[in-house]
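Quick note, the sequences are listed as chains A and B, same order.
This note's numbering puts the first residue of the first sequence at 9, with every later residue one more than the last.
This note's numbering puts the first residue of the second sequence at 135, with every later residue one more than the last.
By construction, these hints were calculated from the structure, which means they are not laboratory data.
Treat each hint with caution, since some may be false.
Unchecked claim - Which residues of chain B face chain A? A few of them, derived with a C-beta cut under 7 Å, are: (1) L286; (2) G504; (3) K800; (4) Q802; (5) V806.
Cβ atoms here follow ideal geometry from the backbone N, Cα and C, with glycine treated the same way.
Residue-level listing of the chains:
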Amino acid sequence: MAQVGLNHFLIVSALLFSFGLFAVVTRKNAVMVLMGIELILNASNINFIAFSKFGNFAIDGQVIALFVIVLAAAEAAIALAIVLNIYKVFSNVNVDEIDNLKE
Amino acid sequence: MTETILINIALVILFLPLLGFAATINLGAKIKKMYYFEIFIITATLILTIIAAFFKLSDFVNTQIGSSFTWIAFDTVKIDLGIKIDNITVIMLFVVNLISFLVHLFSLEYMKGDKRFNRYFAYLGIFTFSMLGIVLTDNLLMMYIFWELVGLSSYLLIGFWFEKKSASDAGKKAFLTNRIGDIGMFLGILILFANYNTFNFDVIYSQINLGILPFDSTVWLTAAGILLFMGAVGKSAQFPLHVWLPDAMEGPTPVSALIHAATMVAAGVYLCLRLFVMLTSDAMLVIAVVGAFTSFLAATIALTQTDIKRVLAYSTVSQLGYMIMSIGIGAYAFAFFHLVTHAFFKACLFLGSGSVIHAMHHSQELEDLGGLRKKMPVTYLTFLISTLAISGIPLTSGFLSKDGILAGTLAFGELTGHWLIPILGFTVALLTAFYMFRLLILTFHGKPGNQEKYNHAHESKWVMAFPLVLLSMLSIFIFYTPNPISAESGWFLDKWISTPETVVPESTRFEFMKSSDSELVDANFVHSKLYEETMHHVHYPAMILSVLLGGIGILFAFLFYQWKKINVDKLTNSIRPLYNLSKNKWYLDEIYNATFINGTLALSKIISWFDQYIVDGIVNGTAKITKIYSTYIKWIDTYIVDGLVNLTAILSGIIGLALRKLQTGKVQTYIVYVILSLLILLIVFKPV
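With these hints in hand, go ahead and build the complete structure from the sequences.
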C-alpha cells in the first residue's frame, strides 16, 4: 500500500471542487447552489491543510482553514438571508428563472 | 463797383434761375400761380445782368475777372471750380437772359391753358441756369457738367408734350445725337487733363504757350481740338450731327426760340470761341470745312421745307454753320458778333412764327398760311425786319456780322488758297435770302391757304407782341455800331471784342497767323496784321457781292412766290432729283436709319444671339455638366460613403446581436464563463 502523499489529497480536493462546481452550475435550486459553494470551500480547505502538512508552512494552513470555516458559516447565513429575500420577491428560489441581470 | 461785387453779382445771376427752377418744380403742383415766381426770378436775373454787363463793359473793359476755389484735392491733382468774366461772358449773359426773359413773357400767353404750365416754366428756369453755367465757367469740367445739363433741359423741353410720340421721339433723338458729340468732347477733355492736370482754360493755354504739348506732339493737340469741337458739332447741330435740330421743333415754339435758335445751339459756338486759342491750323481747317458744308447743306434743305418751323430750323443750322466756319477761318470776333446778332433776329423769327402758329390754332404748314400781313401787322413787321437781317440787307445787324464773316472767308481764300469756303459761304448767302423771303411771302403775303382759320386769326396780345418788337429793334445796326456799313469801328468789335492770340506752336499755325514776322504783328491787334489787312482789302468786294447775292435771292423769291412770274411746279418738275434731294433732307435721316440705326440694331441682334446661345450656352452647359457630375457624386454618396457607414452599423448590429446571446442574465452561465476564462488564462499563461 503506497504512502498517502500530497497528490492524493490534491486529487480528493480537485474532485470535491469539481463536484462543488458541478453543483453550482447545474442545480436549479438556490439552496443547492449554496451547498455547491460549501463543497468548493471545503475543497480549498483540504488544499490548505495538505500544503500545510507537506510544505514548510508550520500551522499557517490549518489557521486559514479555520478562518475559511468561519467565513463559510457567515456566508451561509447571509446567502440564506438573500435566498429568503429572493423567495419573497420571485416566489421561488429557482436560479434559472431569476435572470433580471439581463435587463 | 469792385471786382468782388461783380463776381458776387455773377454768382447770384447764375444761381437765381436754379432757385426759380427748384421752387417752381416743387411747389408748382400745389400753388397754381407759381409761375409768377419764375417770371420774377428771371426779371431779377435780367436786371442784375444788365447792371453787371454795364459795369464790366465800362469799368473793367480790359480786365478779365475771375474767381475759383478748390473743389476736390487729391494728392497732386486739384480740381477747381470757378467763374471767369470777360467781355464775351457778359455779352452772352445779357443775350441769354434777355431772350430767356422775353421767352418767359411770350410763353405766358402762348402756353396758356397747358396742363403742365408750372412745370414748363420750371424747365425754362433750369435751362437758363445750365446755359449761364456754360457761359460763366472757367474750366472744362464745369463746362462739361453744364453742357450735359443743357442737354437734359433741352430733352425735357423738346419732349414737353410727351403724349405725342413724335415729340418724345424727337427728345430722345436730340439727347442721343448730342451724346455722340459729347463722347468726343469728353475724350478731348481727358487728353488735356491727362497732360496738364487741370481743367482750367487759362492754365492749359499758358502751358501750351510754354511749348508743353499733349504727349509732346502737335498731332495730339490737333486731336484734342477736333475732339472738343465734336461737342460743338453735337450741340450746335453741325453736319453730321445736325439731324436732331429740325426734329426738335416738336417742342413748344417759344422753346424753339430760346433753345434751338438763340442760346443752347450757341453753346457749341461759345465752346469753340473759348477753345479758339488752342486750335491748330489743321483743327481750324476741319472746323471751317464742317461749318461751311453744314451751312450749305442746311440752306439747300431749307429751300423746299413746307413747315414754317422747319424752314427756320434749317436756317438756324445754316447760320450756326456760318459761325463755326467763321471760327475755323480765324474770324473770331465776327463769329461772336454773328452769334449775338443771330440770337436776336432768330429768336424774333421763331417767336414770330409762334405768334402765327398761335393765331392759326397750331397750324404750321405753309400751305395753310398766307395773307396774314393784314391780320397781324406787328408780327409781320417784326418778322420782316428779322428776315431782312438774316438775309444780310444793309442797315441791319445781320448785314454787319454776315458781311464780316464773308469778308473773312474771302481773306482766308486769298491767304491760304482754300477757295471752296468763300464759294460755299456766298452761295449760302444767296440761298438764305431766297428761302427766308419764300417763307415770308408764303406766310404773310398772297391769299390765305385756310380761309376758316384765317378768319379767326388776330394779332397777338402785347405779352407776345412786345418781345417781337424788342427783338426786331435789336436787329438794327445802331445797337452795335454807328456806321451802318462796317462794324469794325463800332463799340462792339472795336472796344469789347478782340481776337485773342493763338497759343499753339508756330509750326502749327496758318501761314498768316505766324507772329515771327514782327512787321506783320500789331501789338494791340493780337491777330496777325496781314489777315486784318486782307480783310480790309476784300471788305468792299465782299460787301457788294453779298448784298448783290442777297438782292438776287430776294428778287427770285418774289418772282417765284409773289408775282408768280416763274412757275414753281414746272421748275421743280424739271429738276425733280435735286428737288427730292432737298425735300428729303439729302436723305440723311434715311441714310442714318439704314446705316447707324439699323447697323446698331443688327449689331445688337448679333450680340443678343451671342448672349443667348453662346454666353447662355456656356452657362447652361456648365450647369448641365455640374448636374451630371453631381448625379455621380450623389450615387457615390448614397452607395459608397453611405454604404460604408451603414455597413459598419450593420456589422456592429450583427456582432451585437451575436454577443447579446451571451448575456443570459443567469448567474450560472456567467460562472461558467468565468471558469472557462480562468482556464484559458491558466493555459495561456501557464507557469513554466
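Right, here's what the structure says about each hint:
1. L286: violated (89 Å)
2. G504: violated (121 Å)
3. K800: holds (5 Å)
4. Q802: holds (5 Å)
5. V806: B/V806 check passes; min Cβ-Cβ to chain A is 6 Å, inside 7 Å.
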